[in-house]
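Asks: Sequence:
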Amino acid sequence: MKAYIFEEGRNPSSDYYIVPRLKLKSFEINRINIHSREYPDLEEGSYVFLVRYASNRLIDFLKEKRKYIKKLIYFMDDGLWDLRSLLSVPMMYGWKLFKKAYLFRRKILSLGAEIWVSTEYLKDKYSDYKPKLVYPYPIGLDEVQFSKSSPRVVFYHGTSSHKQELEWLKELFSKLSEKLPDVLLEVVVDEKHWKDFRKIKNLIAFRPMKWEGFYRFSQLNYRTVGLAPLFDSEFNRGRSWIKFYDITRSGAVGIFSVHSSYCGYIQDFKAGYVLPMDTDLWVKAVEELIKDEKKREELFGNAKVLVKYFRELCESVEVI
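Using the numbering used here, read the sequence shown as starting at 1 and increasing by one per residue.
Since the hints were derived computationally from the structure, they do not count as laboratory data. Treat the hints with caution; some may be incorrect.
[What the hints assert, rightly or not] Derived pair list, reagent style SDA-like, types lysine to any residue, alpha-carbon separation capped at 20 Å:
id: 1; residue 1: K284; residue 2: E171
id: 2; residue 1: K192; residue 2: L203
id: 3; residue 1: K25; residue 2: K192
id: 4; residue 1: K25; residue 2: R37
Note that the coordinates shown come from a computational prediction; the quantities given were computed from them, not determined experimentally.
Please put together the full structure from these sequences, using the hints given.
Replies: Below, the structure is given as structure tokens:
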């Protein structure tokens, strides 16, 4: 069977949610950029996936080829079809989502597309479309090892869509640099936000990367404690547990916000710390984890058990 994934370049949404499932079913996978000059001919019985974004030319192409498509699936892992959600993120990011996702919702539905979503929250939000819930497959985590590297490294890898979290993180890192002067701090931050971090001692900053580069970057096994702050917002309520995978892939232990959709899993499996968004509590937790390697190793072992659980969960739910 042939599957065609239309996407805006290689991206985590396809790699976590779509590609692993197609591989499990032995599909022949074809990945096409939505901005390609030419689209491939579709054979009768093809499976077609639209990941997050679309374009007018792609919609016209799918209309023309619809009779050859056995199943057309649109996947969203954020609240892309809700204006309230888009208004809760930084303006430029919200505008991008509006142009590339929200504006195409009616056209996608008119093609008879099946809707896939990434969280229970999104499933409830878009219940009128009868969506299927799919979980992110744990990629790159089969042989991950606990990191004992020195010096200790506390890190945050986010994007500019986390504006409020970055502002909060500046205060947290400032406190950590004073409290733990022998610990390195690592952040992925764009040029606009770098000015807020550049005066913090012992901080190393990396510029945002394309997905494939970031995936390899996240596999480097020198990090100690990963931070996953998250404030409550319409957009953030739909976020899935990819951040947990990224932190664990680094060989680190995570501290997660109580507002994350997956915090219950972290607590149940004792696979990290879950805290309210109070910088003093996070400083105390980081200090405890930095000083207690045995505790970190125990939490990391539990995180690997949770990864196994997530893998089995993904494989047990039939969606294709």
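Asks: Find the hints from earlier in the document that the structure breaks and name them by number, from lowest to highest.
Replies: Failing hints, ascending: 3, 4.
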